[in-house]
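Undergrad: First to last, the sequence lines map onto chains V and Y. FYI, our numbering numbers position 138 of the first sequence as 138, with every residue one higher than the one before it. In short: position in the second sequence from 1, add 302, done, that's our numbering.
If you are wondering where the hints come from, they were derived from the structure by calculation, not from laboratory data. Because the structure is a prediction, the values reported are computed rather than measured. Just so you know, even glycine gets a beta-carbon here, dropped at the ideal spot from N, CA and C.
Taking beta-carbon pairs under 8 Å as the criterion, some of the chain V residues facing chain Y (in silico):
| hint | residue |
| --- | --- |
| 1 | R16 |
| 2 | V31 |
| 3 | Y40 |
| 4 | Y107 |
| 5 | T111 |
| 6 | R135 |
| 7 | I177 |
| 8 | Y178 |
| 9 | R210 |
| 10 | G239 |
| 11 | G256 |
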Amino acid sequence: MTPAEAAEKRDLRARRLLLLPAVALILAFGVVPLFIILIYSFLEPGAYGGVKWEFSTDAYVQFLFERDLFDDTLTFTTSYLEIYWRSLSLAVITTVLSLLIGFPCAYVIATKPPTQRNIWLFLITIPFWTNLLIRTYAMLLIVRDQGIVNGFLMGIGVIDQPIVMLYTDFAVGLGLIYSYLPFMVLPIYASLEKLDFRLVEAGFDLYADRRKVLRRIVVPLAMPGIVAGSILVFIPSLGAFITPVLLGGGTELMIGNMIQLQFGSSRNWPFGSAAALILMSTVLIALTIYVRNASRIRAGQS
Amino acid sequence: MSARARSFDLKHQTGFKTATYLCFFVLYAPILVLIFFSFNESRSVTIWTQFSLDWYAQALDNKGIQRATVTSLQVALTATIFSTVFATMSALATTRVRYFPGMTAAYATINMPLMVPEIVTAVATLTFFSLLKTQFGIHFGLGNLIIAHTVFCVPFAYMPIRARLEDMDLTLEHAAADLYATPWRVFRRVTFPRMIPGIVAGAMLAFIVSLDDVIITLLVAGPGETTLPLFILGQIRRGVTPEVNAISTILLVVSISFVTLFFLVGRRGKKNG
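The task is simple: from the sequences and hints, build the whole structure.
TA: Shown next as structure tokens:
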């Protein structure tokens with residue numbers, strides 16, 4: 001072995017040793033627990049939480065069917081599907097609306113003079129790093145019956161009775177947009193910042209109007225940011241927990257709350273584990289679509 | 303060139319300004335309302351009567367809040383130290399190098415906590431710790447919570463440190479080595495001092511991410527391990543009070559100051575680059 005080869009080997013060993021603590025920690029306390037809930041999802045629930053070590057697929061069956069207590073027959077039930085469906089549709093609506101207001105915002109910031117951009121971006125990032133619970137609580141102050149909106153409207157005499165917004169899908173949707181909007185703006189900004197405005201100029205020279213320039217030049221070039229932003233909003237919205245707890249009350253459950261309930265008062269850990277894995281599979285599907293799209297877009301651009 | 307042609311703005315799009323205002327309004331109006339009413343004298347969180355700091359005095363005097371603050375700081379500081387050290391080591395191992403076998407796997411593992419929905423991580427961690435306790439009798443007390451926090455803090459600390467290292471070329475290190483510095487001395491005197499802005503930024507991110515966490519803490523924390531966000535959640539469930547507004551505003555200001563510092567450190571780091 002030449003000295004150079006030996007040095008390279010030493011370097012490689014050093015790098016692996018440096019990685020060891022972080023990788024071992026995350027494997028032991030991040031990845032192993034996921035395999036444990038996979039095992040748990042095929043076991044029977046214990047009487048006081050936890051599990052009985054007997055194989056069972058009940059947790060997955062329960063997602064679609066209800067088992068009769070007396071004669072063990074299965075009847076199709078939609079109650080869990082409805083929660084799943086509500087979460088999915090709320091997450092999609094949140095993503096679309098965030099895109100509709102987030103895209104123009106990113107565009108306006110990206111077209112500001114470079115010295116001002118950082119300040120605007122900073123203002124978008126602040127909510128991103130502040131406590132989600134407190135931000136959601138602040139939204140609660142706005143939408144509740146005695147909240148600022150109803151107080152104002154009743155004060156000026158437009159309405160006599162407060163408009164009920166809290167504990168509705170509207171409040172949850174609004175809360176989700178408000179929570180995750182920065183995740184949409186930041187990646188779109190990153191794509192738009194690199195946009196070459198000579199292309200836009202060329203579009204105008206060829207008699208395109210403003211909307212056409214936007215649709216045919218700006219949006220396609222911002223596509224990687226749009227896809228990334230949509231994924232970043234969709235994933236946390238789908239698994240949202242705090243927003244539906246505070247703004248949806250006990251009635252407008254989302255899948256995140258349902259999972260937590262199984263580990264809390266419902267004491268059905270296998271079912272909770274199965275629901276968690278179903279949520280994670282949905283997220284993985286979304287991520288796969290993202291990765292595919294990203295590589296296609298890259299291939300198309302090069 | 304005619305005046306009309308000169309005033310033609312390439313970048314203008316109708317309605318985009320309105321959407322931008324809407325964006326900032328949605329993001330900031332609730333926070334500003336919260337801060338505003340925390341200084342309200344009356345119990346009402348809707349009708350303004352008079353400026354007062356009473357609710358802050360009451361919040362700071364509250365034993366529950368004091369205990370929760372201590373727990374929060376214990377968890378956040380310990381998790382920050384461990385995650386920043388581990389993230390720094392990982393960043394050193396994965397930057398400024400040709401591809402080596404296992405690098406992609408290591409990179410994916412470090413970022414894994416960002417991919418999994420938080421509620422899934424929360425229930426999985428809860429299950430794991432309860433299994434350790436019931437089957438093997440292993441229980442770390444507050445350590446459980448600290449371990450859980452360290453896991454999700456690592457990727458947050460890792461990102462800025464890695465970014466900083468990637469901006470540093472190896473010229474200075476090579477120069478030092480040419481002058482017969484040992485590898486350890488090169489690290490201590492050249493690499494490490496230049497990494498500091500990235501490390502500080504990473505540690506600050508880890509700290510606020512840990513301080514703000516609700517979901518994982520809610521499921522993993524044992525009795526008596528109430529952190530500040532858990533305390534606030536409990537209070538909100540019991541009803542909206544100005545005291546909650548006051549303590550929320552304090553926590554909000556702490557987060558915002560940290561982000562601002564992070565922003566400033568990042569800019570200085572870039573200038574000195």
